[in-house]
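Chains as they are written, first to last, in the numbering used here: chain P, 6 to 120; chain W, 512 to 623.
A couple of the hints might just be wrong.
[Claimed, not checked] One side of the interface only, derived from the structure: several residues of chain P facing chain W at Cβ under 7 Å: (1) R27; (2) K47; (3) S113.
[Unchecked claim] A few chain W positions that, by computed beta-carbon distances, are all more than 12 Å from chain P: (4) E526; (5) S529; (6) A530; (7) V531; (8) S537; (9) Q549; (10) D560.
Simulated from the structure, these hints should not be mistaken for laboratory data. Just so it is clear, CB atoms sit at the ideal spot from N, CA and C, and this is done for glycine as well.
The lines below spell out each chain.
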Amino acid sequence: EPEVTQTPSHQVTQMGQEVILRCVPISNHLYFYWYRQILGQKVEFLVSFYNNEISEKSEIFDDQFSVERPDGSNFTLKIRSTKLEDSAMYFCASSEAVGSGEKLFFGSGTQLSVL
Amino acid sequence: GENVEQHPSTLSVQEGDSAVIKCTYSDSASNYFPWYKQELGKRPQLIIDIRSNVGEKKDQRIAVTLNKTAKHFSLHITETQPEDSAVYFCAASLSRANNLFFGTGTRLTVIP
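Construct the complete structure from the given sequences, taking the supplied hints into account.
Structure, rendered in structure tokens:
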């Protein structure tokens, strides 16, 4: 069964440093997402991406965040200057289409720790 | 925006008993309601979903019910097994997009 893959599984960084989280969505999927989950809290939507541009973004997704699809397979989330409160599990997801009932498939996540 | 509430936060049941997890949502425009199971350290996995034109859906031991008037939906697991132990998240989304609004999760423990 196809899966969304994410690398690295764990990332430790110093406050103020830039990090790039990488994702390879399922190959025939067209819509891509980033979510995050702070320890013990709910999964929160960050951004959705389609046709090489952002479709939706949440209040969390401020100017420190950016997303990119640099080639035909990868989808990245960049945090320019990390803060302590950015520490969380970041999940990438993809779906074949958008609209009511289109299933999202999640990757296994990148645990980001900002020191 | 949409706000999803989930109860209980923890639930322990004896193996073979049923488990029920309940969620409410705030935006009447939400019309897709998936449930995800997340085992420790693993990705959330879709286990069942329901759309607003359906009141109930069943898949083997798992069922979901939806009451659009009351804006709540529930997950029912019958004949629970130890491997059902996990954190379960409900979610809701609007028709125009797939952005999921998640509940806070329920940690289910099935005691052998």
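Ascending list of hint numbers which this structure does not respect: Hints 1, 9, 10 contradicted; others consistent.
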